[in-house]
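Colleague: Sequence:
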Amino acid sequence: MTDPSERAMFLAQTAHESGHFRSVRENLRYRSARLLAMFPRRFTSLADATAVCEGGEAAIAERIYGGRLGNTLSGDGARFIGRGYLQITGRDNYRRAGRALGLDLLAHPEMVEIPEVAIATAWWYWSERHSSGSNSLRGFAQAGDVRRVTALINGGNNGLAERERLYRHYFNRIVSEPTLPTRLP
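To get our numbering, take the position in the sequence shown, counting from 1, and add 20.
None of these hints come from the bench; they were simulated from the model.
The reader is advised that the hints may include incorrect statements.
Distance ranges between label pairs, derived from CB positions [to be verified]:
(1) THR70 <-> PRO135: 29 to 37 Å
(2) PRO135 <-> ASP112: 19 to 27 Å
(3) THR22 <-> THR64: 41 to 49 Å
(4) THR64 <-> SER147: 36 to 44 Å
Computed from a predicted structure; not experimentally measured.
The beta-carbon is built from N, C-alpha and C at its ideal position, and this holds for glycine as well.
Go ahead and model the full structure; you've got the sequences and the hints to work with.
Modeller: Next up, the structure:
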């Protein structure tokens, strides 16, 4: 990765998704109002979100992710929650990343919480998912299109203002610091 815009976008997106590189596991400790606001298509009302919250993080994960993203078995939603620096989510992404990296992430999804695996899965997702065609993550990143990259990574515009701020920060650092490496793997 040599393009300064793409490098800045990768850093901005991974920083946001991981809470500035402090968290490699999705936080599902939501209050019901926030849960309804974040996932309005998954809950019918505040009472519905409240009932699911009472079931704990596994119940929340099942409601949000169950039956999609390749999650076909009961418990998959909770098992394949967002992990890593780009918070890969769903059985399908774990299967594909594991195959690409030579790791059994279906049997051991918690491996994505190991820093080396967290960055490897982020790089895999960035390089392999949405890598070509009209929805090219890398193309949007090179164009500096934070909104479109965010939509491909997050499925919406969650945290867009912070992602834009981080992108500008990293981009300015990259273009103004001649001592920074000019290539990433």
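Colleague: None of the hints should be skipped; say for each whether it holds.
Modeller: Outcome of the hint check:
As the Cβ distance of THR70 to PRO135 is approximately 36 Å, the hint placing it in 29 to 37 Å holds. Between PRO135 and ASP112 the beta carbon distance is about 23 Å. The supplied range of 19 to 27 Å therefore holds. For the hinted restraint 41 to 49 Å between THR22 and THR64, the CB-CB distance of approximately 48 Å keeps it satisfied. A C-beta distance of roughly 38 Å is found between THR64 and SER147, which places it inside the suggested range of 36 to 44 Å.
Checked against the numbered hints given earlier, the structure satisfies every one of them.
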